[in-house]
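Asks: So the chains spell out like this:
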Amino acid sequence: MKYRTIIGLEVHVELKTKSKMFCSCSADYFGKKPNTHTCPVCLGLPGALPVPNKKAIDWCVMIGQALNCEIADVSKFDRKNYFYPDLPKGYQISQYDQPFCKKGFIELSNGKKIGITRVHMEEDTAKLTHQGESSLVDFNRSGVPLVEIVTEPDFGNAKEVVEYLKKLQQIVRYLGVSDANMERGDMRLEPNISLQEENTKELPKYKVEVKNINSFRFVEKAIEYEIKRQSEILNSKEMPIQETRGWNEIKNKTMSQRTKEEAQDYRYFPEPDIPPLHFNRSEISNIKAQMPELPNAKFERFLKDYGLTEYDAEILTREVETAKFFEEAIGIVKNQIKNPDLEVSPKTIANWIINKKIDFNRISPYEFIKQIILAGQVPLITEIELEKIIGIVLNRNQKAIEDYKNGKTNVIMFLIGRVMKEAKQKLDVKLIKETLENYLKK
Amino acid sequence: MTNWKTKPVYQLLSDLALSYNISMKIDVPRVAKLANLPLRQEEKGKFEKQLSEILAYVEKLKKVDTKNVEITSQVTGLENIKREDKIIPSLSQEEAISQTKSQHNGLFKVKAILE
Amino acid sequence: MNLNQLTIKEAKEGLKNKKLSSFELTKACLKQINKNKDLNAFITVCEKEALEQAKKADELISKRQDLPLLGIPIALKDLFSTKEIRTTAASKVLENFIPQYNATVVEKIKNAGAIIVGKTNLDAWAHGSSGENSDFGPTKNPWNKECVPGGSSSGSAVSVASDMCLAATGTDTGGSIRLPASFNNIVGLKPTYGRVSRYGIIAMASSLDSIGHFTKNVEDSALLLNITAGKDPLDATTLPNPAEDYTKNLNKGVKGLKIGIPREFVTADLDKEVKSAFEKSIEVLKSLGAQISEISLPYTEYGIAAYYIIQPSEVSSNLGRYDGIRYGNDRSSFGDEAKRRIMLGTFTLSSGYYDAYYKKAMAVRTLIKKDFDNAFQKVDALISPVCPTLPWKLGEKINDPLKMYLSDALTVTVNIAGIPSLSVPAGFSKNKLPIGIQIMGKQLSESLLFQIGNAFEKQTNFYKQKPNL
Numbered sequence: 001m002k003y004r005t006i007i008g009l010e011v012h013v014e015l016k017t018k019s020k021m022f023c024s025c026s027a028d029y030f031g032k033k034p035n036t037h038t039c040p041v042c043l044g045l046p047g048a049l050p051v052p053n054k055k056a057i058d059w060c061v062m063i064g065q066a067l068n069c070e071i072a073d074v075s076k077f078d079r080k081n082y083f084y085p086d087l088p089k090g091y092q093i094s095q096y097d098q099p100f101c102k103k104g105f106i107e108l109s110n111g112k113k114i115g116i117t118r119v120h121m122e123e124d125t126a127k128l129t130h131q132g133e134s135s136l137v138d139f140n141r142s143g144v145p146l147v148e149i150v151t152e153p154d155f156g157n158a159k160e161v162v163e164y165l166k167k168l169q170q171i172v173r174y175l176g177v178s179d180a181n182m183e184r185g186d187m188r189l190e191p192n193i194s195l196q197e198e199n200t201k202e203l204p205k206y207k208v209e210v211k212n213i214n215s216f217r218f219v220e221k222a223i224e225y226e227i228k229r230q231s232e233i234l235n236s237k238e239m240p241i242q243e244t245r246g247w248n249e250i251k252n253k254t255m256s257q258r259t260k261e262e263a264q265d266y267r268y269f270p271e272p273d274i275p276p277l278h279f280n281r282s283e284i285s286n287i288k289a290q291m292p293e294l295p296n297a298k299f300e301r302f303l304k305d306y307g308l309t310e311y312d313a314e315i316l317t318r319e320v321e322t323a324k325f326f327e328e329a330i331g332i333v334k335n336q337i338k339n340p341d342l343e344v345s346p347k348t349i350a351n352w353i354i355n356k357k358i359d360f361n362r363i364s365p366y367e368f369i370k371q372i373i374l375a376g377q378v379p380l381i382t383e384i385e386l387e388k389i390i391g392i393v394l395n396r397n398q399k400a401i402e403d404y405k406n407g408k409t410n411v412i413m414f415l416i417g418r419v420m421k422e423a424k425q426k427l428d429v430k431l432i433k434e435t436l437e438n439y440l441k442k
Numbered sequence: 001m002t003n004w005k006t007k008p009v010y011q012l013l014s015d016l017a018l019s020y021n022i023s024m025k026i027d028v029p030r031v032a033k034l035a036n037l038p039l040r041q042e043e044k045g046k047f048e049k050q051l052s053e054i055l056a057y058v059e060k061l062k063k064v065d066t067k068n069v070e071i072t073s074q075v076t077g078l079e080n081i082k083r084e085d086k087i088i089p090s091l092s093q094e095e096a097i098s099q100t101k102s103q104h105n106g107l108f109k110v111k112a113i114l115e
Numbered sequence: 001m002n003l004n005q006l007t008i009k010e011a012k013e014g015l016k017n018k019k020l021s022s023f024e025l026t027k028a029c030l031k032q033i034n035k036n037k038d039l040n041a042f043i044t045v046c047e048k049e050a051l052e053q054a055k056k057a058d059e060l061i062s063k064r065q066d067l068p069l070l071g072i073p074i075a076l077k078d079l080f081s082t083k084e085i086r087t088t089a090a091s092k093v094l095e096n097f098i099p100q101y102n103a104t105v106v107e108k109i110k111n112a113g114a115i116i117v118g119k120t121n122l123d124a125w126a127h128g129s130s131g132e133n134s135d136f137g138p139t140k141n142p143w144n145k146e147c148v149p150g151g152s153s154s155g156s157a158v159s160v161a162s163d164m165c166l167a168a169t170g171t172d173t174g175g176s177i178r179l180p181a182s183f184n185n186i187v188g189l190k191p192t193y194g195r196v197s198r199y200g201i202i203a204m205a206s207s208l209d210s211i212g213h214f215t216k217n218v219e220d221s222a223l224l225l226n227i228t229a230g231k232d233p234l235d236a237t238t239l240p241n242p243a244e245d246y247t248k249n250l251n252k253g254v255k256g257l258k259i260g261i262p263r264e265f266v267t268a269d270l271d272k273e274v275k276s277a278f279e280k281s282i283e284v285l286k287s288l289g290a291q292i293s294e295i296s297l298p299y300t301e302y303g304i305a306a307y308y309i310i311q312p313s314e315v316s317s318n319l320g321r322y323d324g325i326r327y328g329n330d331r332s333s334f335g336d337e338a339k340r341r342i343m344l345g346t347f348t349l350s351s352g353y354y355d356a357y358y359k360k361a362m363a364v365r366t367l368i369k370k371d372f373d374n375a376f377q378k379v380d381a382l383i384s385p386v387c388p389t390l391p392w393k394l395g396e397k398i399n400d401p402l403k404m405y406l407s408d409a410l411t412v413t414v415n416i417a418g419i420p421s422l423s424v425p426a427g428f429s430k431n432k433l434p435i436g437i438q439i440m441g442k443q444l445s446e447s448l449l450f451q452i453g454n455a456f457e458k459q460t461n462f463y464k465q466k467p468n469l
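Protein chains in written order, with the numbering used here: chain F, 1 to 442; chain Z, 1 to 115; chain C, 1 to 469.
Take the hints with a grain of salt, since some may be wrong.
[What the hints assert, rightly or not] The list that follows gives simulated cross-link-like pairs (lysine to aspartate or glutamate, DMTMM-like), each with its CA atoms no further than 25 Å apart:
#: 1; chain 1: C; residue 1: K397; chain 2: Z; residue 2: E59
#: 2; chain 1: F; residue 1: K80; chain 2: C; residue 2: D355
#: 3; chain 1: Z; residue 1: K49; chain 2: C; residue 2: D336
#: 4; chain 1: Z; residue 1: K25; chain 2: F; residue 2: D265
#: 5; chain 1: Z; residue 1: K86; chain 2: C; residue 2: D336
#: 6; chain 1: Z; residue 1: K49; chain 2: C; residue 2: D400
#: 7; chain 1: C; residue 1: K359; chain 2: Z; residue 2: E42
#: 8; chain 1: Z; residue 1: K109; chain 2: C; residue 2: D330
#: 9; chain 1: C; residue 1: K231; chain 2: Z; residue 2: E84
#: 10; chain 1: C; residue 1: K442; chain 2: Z; residue 2: E79
#: 11; chain 1: C; residue 1: K403; chain 2: Z; residue 2: E79
#: 12; chain 1: Z; residue 1: K25; chain 2: C; residue 2: D400
No lab work stands behind these hints, which were simulated from the structure alone.
Please work from the sequences and hints to get the whole structure.
Replies: The structure is reproduced here in structure tokens:
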């Protein structure tokens, strides 16, 4: 029996605002001493009240715009009520029926459009760690802004899911709103997976949600595992249970989490402590105007403006830091190199970045260009011609020879420069140096 | 307006019940579980009776025609109340954990949650 | 006259003219508290801290420093978070809870120089209309110790009526200031929803809770509102309108003012004596030049039903944070009334019932609010009794929750609409039980309410009478 795979995805992205979603505690919780970033609001003390973070809301709208969504005119927050030790108020402030953004899409490389059902804001829960017979709770993370992005069940296989996730991660990093690091937990995902018999139009009557996937590698593995597990069940004429399963990276399988007898009743109702939000068109255009150039647009522009291949352009625009470095290097060549012989082409810069491991934190674009220039190109000069030029240079610079012989070995750099000037072109520095040294030893 | 002084409450309620033909049974154990409220066996009956009476009373709202009426969830008429993304000093760790009976190395401690 | 029997205005005068010291004044209040422990008005008395604060206040006064409430002893309903002072909500759940912060209103009152004498008793979590639902024992009515003082701000009302302090704070979600004020012959203000910050005050029903206070007369009430009113960046539901000087129009009188009587509040089955006191009050206002007319608020009869859906729904959610992990005891420590309301609210919000109950009630809310909006197009203010009955006997309604809820029939629609209301003394029954009336106005009309209340008070002088303690 052949089955068609149907996957929908729910992704949570943690925003890197300075303060939390509903209070002014620092949102930078990673690696901090436990319970040092809390206040009455995010600790859920009696009497505390939430006030929404303007920047977080703007960034959520910006994410929605980058995903081609419609932005709501009127929106509000709602309470999602349930009990868990990591939820200090006994409810999470989230959005239910009036999210900030909806009905967007992302296009994959195979031309498929993945529908974005909604993009909304909520607050993160505290961090639970387990130690023997106890669980320990750190509320530093409680209240950090989270954006939830939900797709239509449009994915047909694990590869599409991975591509979507990489694109989403790239967009969110480009926007500068999140580090979207799966290992650190600033990007979390939950696929829901079901199988449909190939020749039916009916949607499957169940879906399985998978949690606890924290790297791209595991996304593929978990989905493949689930597909296999579900098809085996279906093959034996049974239906997989609708449930939530956790990915176990040690055992390499998904495992059933405590089965719930009935679906959780979250008793959503409008958050009475936060007045509704009303966006006007000019505010929404302002947010869009502040949006940095997105990966797709940058890619197209690199193809057009710099004549790069698609392969090169893709690599250069994969991360915004790379693209930025590339364009700054081009700027250096344009504005600071006057000698046409020392021209460095975009293609050369691209090659260097792509093929060598450049640490953008350790080298400035200027230093980088200098390195390229100094490395030079293949010498367009014969050995005889080079020796002739060296002879001329050395004749003119007797004193330099004496200095060198007297121990001032760095005078060789001066001589290299003279050789290049005489040759009227860039030459391989190493080659000149070696040849000069041979001469000077005589 | 309801006439509490001249009619006993229970009579009023059964009048209401008959006139609206409602069954007002509330599943107390289920609701108590949802509300994370531990309830003793002997309490269930008492609460069932009391809650059913109250629910019977509020059923009168069914009489009101609210077909084209917008709901009011914010009586102030306020909109767009937000704050700037600034940091204000937090409570210290000692202050944060000062009110719990169970803590360990600055973390709140609870019985293990079975996943 | 004992010092503790002074009003805020009188005490301020006395302090300024060095006729008395804050220390003596505070001591007199503390003495009165100790003398009347049987009324059970306080959960926590801050004797040592209060006397220390009083000494500091006296130092400042001697240096000619002036703050609006400098040296004045005030009590706080035990829902108001006070840093380093136990705050219990009158519940076993929080019996040992010491907040790590002050409510905004507490900060304001302290910054105005007031002396906090203690935290007053209440119906636990503000769930109640009689003062009997406290896990720390019921509060008694100083006018008749066999009767209820009214709730939920029972202790605050009793503390002011018994001269244990010069003013006390309270909350009014369905009548919890106005009802005990009228049962104790004192002035109780429920401001416009959003006029005073809720930050730091243990929440009952978020869209209904109004933060107000009890005083011995109307002028003191205006003085206190001057301190507490204003926008709070920590409470997103506070109104941006700047606080005014609420004492400005106190003496303008009522000549020419249009005052309406809601027909549905009075054709109700009122206790004969309540009705008679109310009718006499109308005559007083007429004699002072007010134009009285009859008004209809047709959706009044649905007030209790709408309230007892909206309020428990929000209560059930607000009480979700009490899980015993970060503070307090676990949920088995909730009392019966709290459990009832949590379960009722959980039910009315639950899947399958939300539309029929909560959503329906929110729509009826719009209609009730519209009733008031329409009324205020025709009149400047509305007037009515506060409770259909006189203060009932302790224990009389405690086993019949619904009967207890119905005592809110004349107060809840004000909270549903978010408008302000001032409860003032309007006389006594033949058994010397106090009867109050309430003056209602549109949003942000507190100055007008004080204006009317002050004129009525000065004409009737009921507020001058004190219980025999």
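Asks: Could you run down the list of hints and mark each one as holding or not?
Replies: Each hint, compared with the structure:
1. C:K397 <-> Z:E59: Holds. K397 of chain C to E59 of chain Z sits at ~22 Å (cutoff 25 Å).
2. F:K80 <-> C:D355: Holds - the C-alpha atoms of D355 of chain C and K80 of chain F are around 16 Å apart, at most 25 Å.
3. Z:K49 <-> C:D336: Given that 25 Å is the threshold and the Cα spacing comes to 13 Å, the pair holds.
4. Z:K25 <-> F:D265: 19 Å, holds
5. Z:K86 <-> C:D336: Not OK: K86 of chain Z and D336 of chain C at ~43 Å, beyond 25 Å, violated.
6. Z:K49 <-> C:D400: Answer holds: K49 of chain Z to D400 of chain C is near 11 Å, not above 25 Å.
7. C:K359 <-> Z:E42: Distance ~33 Å between K359 of chain C and E42 of chain Z Cα, so the pair is violated.
8. Z:K109 <-> C:D330: Distance ~14 Å between K109 of chain Z and D330 of chain C Cα, so the pair holds.
9. C:K231 <-> Z:E84: 16 Å, holds
10. C:K442 <-> Z:E79: 20 Å, holds
11. C:K403 <-> Z:E79: The given pair, whose Cα atoms are some 38 Å apart, is violated under the 25 Å limit.
12. Z:K25 <-> C:D400: 18 Å, holds
Checked against the numbered hints given earlier, the structure breaks hints 5, 7 and 11 and satisfies all the rest.
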